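> Residue numbers (our numbering), protein chains in the order written: chain A, 3 to 676; chain B, 4 to 181; chain C, 172 to 271; chain D, 2 to 347.
Honestly, the hints are just simulated from the structure, not real lab data. The structure displayed is predicted, hence computed values, not measured ones. Just so you know, not all the hints are guaranteed correct.
Per label pair, the in silico range of CB-to-CB distance [unchecked claim]:
1) B:A158 - A:G671: 24 to 34 Å
2) A:L650 - D:A340: 52 to 62 Å
3) D:L284 - B:E6: 35 to 45 Å
To be clear about the criterion: a stretch of chain B counts as covered by chain C if any three or more of its residues have a C-beta under 8 Å from a C-beta of chain C, and this derived list gives those stretches [stated by the list, open to error]:
4) 30–40
5) 43–57
Think of the CB as a built atom: it goes at the ideal place given N, C-alpha and C, for glycine as much as any other residue.
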Amino acid sequence: MLALIPLFPFLGFVVNLAMGRRLPKGVSGGLASLAMLASFAVSVIVVLQLAGLAPEARAIEQTLYTWIASGDLNIGLTFRVDPLSAVMILVVTGIGSLIHIYSTAYMHDEVDSEFARYFSYLNLFAAFMLVLVLGANFPLMFVGWEGVGLCSYLLIGFWFKKKSANDAGKKAFIVNRVGDYAFILGMLAIFAKFGTLDFQGVASAVAAMPAETGFGILSLATLLLFIGATGKSAQIPLYTWLPDAMEGPTPVSALIHAATMVTAGVYMIGRNAVLFSHAPETMTIVAVIGALTALMAGTIGLVQNDIKRVLAYSTVSQLGYMFLAMGVGAFGAGIFHLYTHAFFKALLFLGSGSVIHALHGEQDVRNMGGLKKELPVTYWTFLIGAIAIAGVFPLSGFFSKDEILFETFVEGHKLLWTIGALTALLTATYMFRLVFLTFHGERRHDAPATAGAHDDHAAHGHAASSHGHGAGSHLHDAPPAMALALIVLAIGSVAAGWIGIPHAIGGHNELGTWLAPAFSATRVVGEAVGAEAGAEAESAADADRAALELTLMGVSLTIAVVGIAFAYFVWVKRRRVADNMVREFPGLHRLLLNKYYVDELYDATIVQPIKAASTEGLWRWFDVRVIDGAVNGAASIVDGSAGVLRRLQSGSVRAYAGSLLVGVVVILGYYLWR
Amino acid sequence: MPETFVFYAFSALAIGASTLVIGQRNPMYSVMLLIASFGALSGLYIQLDAPFVAVAQIIIYAGAIMVLFLFVVMLLNAPREDAAEYDRSHPFAHPNIGRFGALLATLLIVQLAWALSKVVEIEAPVASRSDAASVSSVVEMGRVLFTRHTFAFEATSVLILVAMVGAVVLARREGPEQ
Amino acid sequence: MIPLGHYLIVSAILFAIGTAGVFLRRNLITILLSIEIMLNAVNLTFVAFGRFAGDVNGQIITFFVMTVAAAEAAVGLAIVIALFRHRESLNPDAFTSLKW
Amino acid sequence: MDTLAPYIRPTTIGIMIFVVFNALIIASAILVLAERKIMGFMQQRYGPYLVGPHGMLQPIADILKLLFKEELRPKGADKWLFTLAPVLSVVTAFVAFATVPFGAETTFFGLLDEPIKLGIADVNVGLLVVFAVTSMGVYGIVLAGWASNSKYALFGGLRASAQMISYELAYATSLAAVIMLAGSLSLRELVDAQAGTWFGVIPRWYVFLQPIGFIIYVIAGVAETNRAPFDFPEAEQELVAGYNTEYSSVRFALFPQAEYINMVTMSAVATDLYLGGWHGPFLPPEYGWIWFLIKVGIILFAYIWMRWTVPRYRYDQLMQFGWKWLFPASVLNLIATAALVLYLDA
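Using the sequences and the hints, build the whole thing.
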């Protein structure tokens, strides 16, 4: 049963890969979407089964066969679904299917073979993501981990004729490698420590021991794992690939770089909640990194002009939120935010995608504006998404973000809370800056399109030719398939939060209680750590805590409103203010515009040295001298020896007979001596 | 005693004939002398209670193989050995190599002598069933040949076939008719 | 009867003669004849040992040796003829070049 | 008498050798005459008629003539081999008869107290010995052809060697069939295996079991003895006189002598193998040798008859016939016989 969930997309991938170029678009695209829907259906069934079980016993396992068995290392190809992975598979398959459907319309201008290739990649990605989520042990998860990395490379570089796309793909791949390396090391450390790689086994083993004080093996392992997570989930220091990943098709950005893949890191930490919660050092680091990332990305997002880049940075900062939650031990809150974020970020991306689609590849907000009337569906859905992410009651973003902030505060990290609050402000501001620049005000098509826009245009080439008229004349709104996805997601972004309504305002935080067992150790030692989750549940009951929560809610709500108002004031009322600010602080502006020069820094400190080393050392010296030397040396040795041995081939019968006789004498002598 | 005398006579004949075979330049004589030596050897076989082998020796060697040699000698009209002309070019012309060869030969002889000295003088057959009849019976020979050595027997048949084809292919005159 | 050693000595001498012939003669036919001598020396050894071991295996092996000798003679002589067609000579040193 | 006992057997054997030797010589002499006479009759003429009554003494005249001829040896002929060749051929011819039995054991009407077997040597592989020695006979001709340094002689020698090698195969194979039937290699046992009759009328001769084998044997025998129609080594019309072109006087005389003796040997062996040797009706075993002589005489007559009636083949036809018909036929015959023997034993 479980195996079917990743199997369906995989079959779709195989089919599309094998015969996709011969299939018409409708078939290949429909096939892919069907595969996703099927696996979504299966996931729903599975989750219902799961819900049927007792809360403490919620886990369904399926072992296909023993994958690796050597010594005491025994790894089965085992899928396990528990409350946590249940949420994940729903998110992945659900939002994944929506995005598939969306793509059938969005990618419609591609030729058949490209279209099929796109969908085969997309299906493959989904399959790997599901393996990652369902894997019951580290190696299996790592398979999915690597697989989604591969797929993101393939999809980011989908328009491989475009150099920037290729570079972005390679960047994503290589940066991820760094994280994966750390991830492998972490796995090894864990195996060295516990002798098993099964999540349950590790969890129960850890739960048996007291929380680590100081920096020990646990902290090391978890830290390594976390570095892996930063690679996959775009945190400092490995976040730089995500903004560039916007080179890929917009649905890809939505699916991979907002909804699912980037959340893998968060999921991984949640999956090993017990382990992490026993390594306070790492937890602190996670929290700090998360907060910093959130803030930094938010500031950058404030000034970017590429609509998708802004979204990308907002993704980074939202992920920062999630890590913050994880770091402060509020795993439930983190996953909650992951879940809600999946909805509204996918919605935002798809909305931006429909905008770009309508404008034939225009991505620069400075060339947009006033699209409210032309693209009503897009506008309203986009607006909903923006409100949700800004965290306005009662949309989904509000609950999750607020829970995170509350937990942070409760755990006593006042500073981190402040940063979080500030980031919330920034979020509201740049999101609505985006909204206002894109949809309000007068249209600014006279402004010259950016080079990037032109490249994109070339990539979409036939897009322009297919709708004959250029930007500026009448635009058409999202076609039905896209509209469907947008609307569903909009509903999701509104309602998704309602399963996590805190007790303070009369909710029951179903999600929290649902997830609680997943973050405790195995049923046996469940109470040891389950206390934390349970504690949250019952302590929420007492009043002052509720009061605190309520005040904090108010604070964050006001923050959101203030941010929105500020954005409105600056980018709708007083356009000059923005320009003045730019003129006032040119250094700051340039710094932010160039993303703190991080890319340049990496390029100078890492890329160039490696390049030089491999050119001079590996190529010029090792390859040319050592390897080629060895090869040529062997050849010349053979040549020389052959030159000597050739003299034995005299062709003279007597010479041969002589050698024969030597052998006779020697052998006979040997047997005589014995 | 007569058999000793016969033995020495045959041995002397075989050795002398063989020596002469390699001792002179006319291949025709070599062939004839070799036949003589084979005859002597078959005499020795008879002394060893192997009459069948003795006769087969005559039939196969003297009767067939040697006729073949004779035929070839006559066909090529047996040119005398042209000793000198290649010797300068030959690698063995070098004296050191000649000395080495001589050393090798002496070594071989010494080893053979040594080996023979190691052979205890077996006066009588060691096996239990050593009567001449059992050893010389053709029936027994055939039985063993076709039971224990069947595979070798078949293998030799294949070998002969291959040799026949090979000989035909090699000796066929590739002329204009191909 | 005649001791085993005597037969062995005879066959050893014959073998040595054959070897010497292979080395000393410069006539392919004579060399082939020398090889025949060596084979017969071996045959004698086989038969002698067989007789003194009291079974017929020695004689049977002798037959196999004869068969091999026949095959060898046939092929060898064919080769000799073929070579003689190329060079009007039977001197092995005339054929030192491995192809022409 | 007892003191003589140990010497009786050797002396009898010596006497027998003497008798057989002279008998063979005389037989060859008779054959010379017989051949010419029969040839004459076949060609509607008298043949030799002057020397003695009905030219009976013609052979003696021929021998005397040859003895008094001058011995010529061509220049450049190989001295030793030229002399060795005829001797070799005639010696092999004589030796071949050594193991051929020609009569049952007899006491010569009580002259000897223990009976002896008529036949010089009785080897348990006698048949093979005959075969081996006759196969040696080819050397005489080949050497003669090579040694006399003449192209006709050389051709004769070459032909002889090729022809004999070819036909020995069929010859030996047809013998093998008989050997299988009798289960022995000793000629005497072979003959005794043919004693008695089937149904009291048909003698148990192998010729009735081996008709094909018998025919093959005879043909191959003719080829082995270089008789017409297979007399290529001395084909007059093509090579003056073949291998013995250059011979004269006694050396020349030895070749036909050897040829006739070989004929006798062939016939004797044929008699022993296929015609039941000395076994025959009406005569007591002591007189079996008379039967033997009769049978041999019949076969010899057939030889001569064949020579003067069948024309000579062409050489390639000879080879074709030998390899493509005679040899396969004999092999098939052998296989059939083997199957038969297996069937009867089982």
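> All hints are to be evaluated individually against the structure, with a verdict given for each.
Going down the list of hints, with the structure as the test:
| no. | hint | result |
| --- | --- | --- |
| 1 | B:A158 - A:G671: 24 to 34 Å | holds (32 Å) |
| 2 | A:L650 - D:A340: 52 to 62 Å | holds (55 Å) |
| 3 | D:L284 - B:E6: 35 to 45 Å | holds (41 Å) |
| 4 | 30–40 | holds (count 5) |
| 5 | 43–57 | holds (count 9) |
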